[in-house]
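Residue numbers (numbering that gives the first Met the number 0), protein chains in the order written: chain A, 0 to 462; chain B, 0 to 71.
Just so you know, the hints here were simulated from the structure itself, not pulled from any lab data.
Here a beta-carbon is modelled for each residue, glycine too, at the ideal position from N, C-alpha and C.
Heads up, a few of these hints could be off.
Unchecked claim - Covered stretches of chain B (in silico footprint by chain A; criterion: 3 or more residues with CB under 8 Å from a CB of chain A, positions within the stretch not fixed): (1) 2-8; (2) 16-29; (3) 35-42.
The residues making up each chain are set out below.
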Amino acid sequence: MRDPSQPPRSIADASAALMAGRVTSVELVERTLARINAVDDKIRSYIHVAHDRALADARQADEEMAAGASRGPLHGIPFAVKDNYDAVGMPATAGSALRLGHMPVRDADLVAKLRSAGAVLLGKLSTWEYGTGNGGEYFDLPFPPARNPWDITRFTGGSSTGAGAAVPAGTAMFAMGSDTTGSVRLPAAACGLVGIIATPGRLSLKGILPNCYSLDVPGPLTWTAEDAAIVLDATIDRPASRRREISLRRATGLPIRGLRIGVMCEPLGRFPAPDAAIATAFEAGLKVLEAAGASLHDVRLPLPVSDCFDVTRVLGPAESASIHEAELRERPQDMGFALRDKLMAGSLVRAVDYIAAQRQRLVIANAIDALIRDHDAIVTWGSLHVAPRLGVEPEMTAFTVETMLTPFNLSAHPALVQCTGFSPDGLPLNWQIVANRGDEAMVLRMAAAYERDTPWRDHRPVL
Amino acid sequence: MTDTSAPTRQEIERWARRHGIEKLHPEHLDRMSELAVYVADLGRSLRRVASKDDRPAAIFRPLDGRHGQDGH
């Protein structure tokens, strides 16, 4: 039995309750603020909570809905953003001492779109410094690290750490993160969420602190695939030629019978096999897809996934060192270890190697694209491990590095990680679904079909 | 023969100063010496594309002028 003092579990449920008059936005926001007060000392999902502004926005949403002026399914829904997003009236620290006191004068495009859709911004969420990291946690930043609601001794996955913690804990109904080599999908994997990156260019990056120009992509973290579709429907840029397509939310209700699905588990290169529980859940998940009528076909990544990761190890640090060059020159002592280490390494990358990496990237992207074009979607590993113990460096690094996420950052395909069950210790398991460029609908349709036939969305962490 | 030894503190300090990175603490410079070996190894081990006709991936996305052109 759910605790009625807690917010509804999904945006879809909350929106239905709002539209039916069973709850008001003010009540939803008050419950969520109460939840933050009750549990955030344990999970540290927030850097900044905008209590008064959120209640004022919720009152406005209620007035508009009472007047019959609904703005859609996000109207009155409380959400939060990673602290590398700009939002007027809220500090934007990016989790760093370098930006303490920084107050942006404009909303990030995605914040503006969500506010325009009537969603109520509660505040700013924890992040690794500057939305980046090497997998380690060094406890040297101005804000304490977020903790995993399923086990607060465990890490949330980074770099969208607070986003990963907030949604399962009920301190936000959805959260916006950003992903360069997995920073939306890793917290989704560790915290049992849906985390999706759209095709690069379909969600605006304006007003999000850059990390790596050629790989950055924002994305929502939600409890369900339908919720992710609702958020993307409100935020995705649709060219005129695609404005008549059905909504992504409607796509989540479509069956998957007859779809041709590639199953990609190899080659992992120097990465180890996934945790046994993740592998077992993966196999069980394939049976769910088969039972729903999809046809499965084994496919292989055109090169070892660890080689893909190596390409990002050149691109990411080099671009970050360029983006944040002034900070390394002027204030290296004010950074945490992970950011300084990355910027120092990136400063040392030769232009020759950077361009070699970008050339290799295009070869990889074209090969993956050719492979996916023969299918409706691909199912692969997400992270190969469950959430690591916070501060246990080898586990932390393995969780972040040993994934099958980076190939699809390089190839610029839409990709989603979702929960595929729980380990014997109660930790979320995960897999990843990838589809053709521009076909976010297929990724969400697959994920929603899997959700319908499995019980994992009925479990929430107890805090 | 490829030199895989770490640069000395003096070498890395000179390199950093040459590039305007002058406020690193001594322990940061020690770390940067280690990183120089890691970065060089990474660059050497990176697969090379055989054909000179294979161009780099585009960094800036022509479909969305907001990427890159204004710093995002």
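Taking a Cβ-Cβ distance under 8 Å as contact, does the region 35-42 of chain B have three or more residues in contact with chain A?
Three-residue rule met by the region 35-42 of chain B, so holds; n is 6.
Chain A covers the region 2-8 of chain B, three or more CB atoms within 8 Å, holds or violated:
violated (count 0)
Tell me if chain A covers the region 16-29 of chain B under the three-residue, 8 Å CB rule, please?
With 8 residues close enough to chain A, the hint holds.
Taken one by one, the earlier hints fail for this structure only at number 1.
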